[in-house]
Amino acid sequence: MSVVRVRISGDSMWPTYPDGTEFELLPIDSIQPSIGDVVLTTHPFHSDIQIVKRIQSIDDEMVFLVGDNPDPTASEDSHNFGKIHCDAILGVCVPREEHDD
Amino acid sequence: MPATNAHGMEDEPYTLIEASAHCDGPCGVYDPASARVAGEAVQSMTKKMLALEYPQVFSSESMASYMNTMSRYAAIKEEESQKCKSELLILWTDFFKPVHLDAHPELHTTFWNAAKLCSACKVEVSAQHAQELMDAIEAIHTMFWSIKGREVPWIRAS
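Protein sequences appear in the order of chains A and B.
Counting from 99, one number per residue, gives the positions in the first sequence under the numbering used here.
Counting from 97, one number per residue, gives the positions in the second sequence under the numbering used here.
Please keep in mind that the hints were generated in silico from the structure rather than gathered at the bench.
Backbone N, C-alpha and C fix where the C-beta goes; we use that ideal spot for every residue, glycine too.
There could be a bad hint or two in this list.
Sample of chain B residues facing chain A (criterion: CB under 7 Å; computed from the structure) [unchecked claim]:
(1) A117
(2) V195
(3) D198
(4) H200
Chain A with its partners taken away, still in its complex shape (with noise of 0.2 Å):
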């Protein structure tokens, strides 16, 4: 199996992983996705967008995404697109260097 990276840009999950970390992606037929895992989904209204936010809950399939960032404006996530299917969730993001050890 192909290894799979991503690289996040912006400061939605500032301070946890700033602009240009980069993460394993561990395919979503390979691992549940639970609460408090960083994932990686599709834009609900931007199908040309991939996003990298945290799974701050699970409520009968329905995933509610938040960013790390504190500040409420800095993350556009479930406040603004509600929450997504966990059909969506296309891998769990691992950080490198945990990844690594």
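Given chain A's structure and the hints, the job is docking chain B onto it.
Just chain B now, with coordinates in the frame of chain A:
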């Protein structure tokens, strides 16, 4: 794309996905130029008020003209001061993020003083405070474009 892992070994090739972690999907359009134009109007009206000479001939007509001109200058100064403050607050609360404080620890103080200068320019006819407002907007201009990674010269319309 080959890479080297933590052990100095070459990783297997990988596919790289560029993902967005922005505030919105593209980010909104911000530019301190809006505040700068309003600030220039404040300074211009302040100068005009200070330079307006009292009518040499005292008459109902001359006084009406004088007061009308002075009132218009004051009204525009009032409106543009408030507009300038609004534009600055949008930049402060929406564009600038906590991460920017690392590189610009003076950010909050600069905006706080700039907003207060907008208020001062409303209630006073002060050339000094109007200039200090422009200086503060220039400092914000410099911070803003530094964060955007672009060299944009400070220009004035007036």
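To see whether the hints hold, each was checked on the structure:
no.: 1; hint: A117; in the structure: 4 Å, holds
no.: 2; hint: V195; in the structure: 5 Å, holds
no.: 3; hint: D198; in the structure: 9 Å, violated
no.: 4; hint: H200; in the structure: 14 Å, violated
Consistency note: the structure conflicts with the earlier hints numbered 3, 4.
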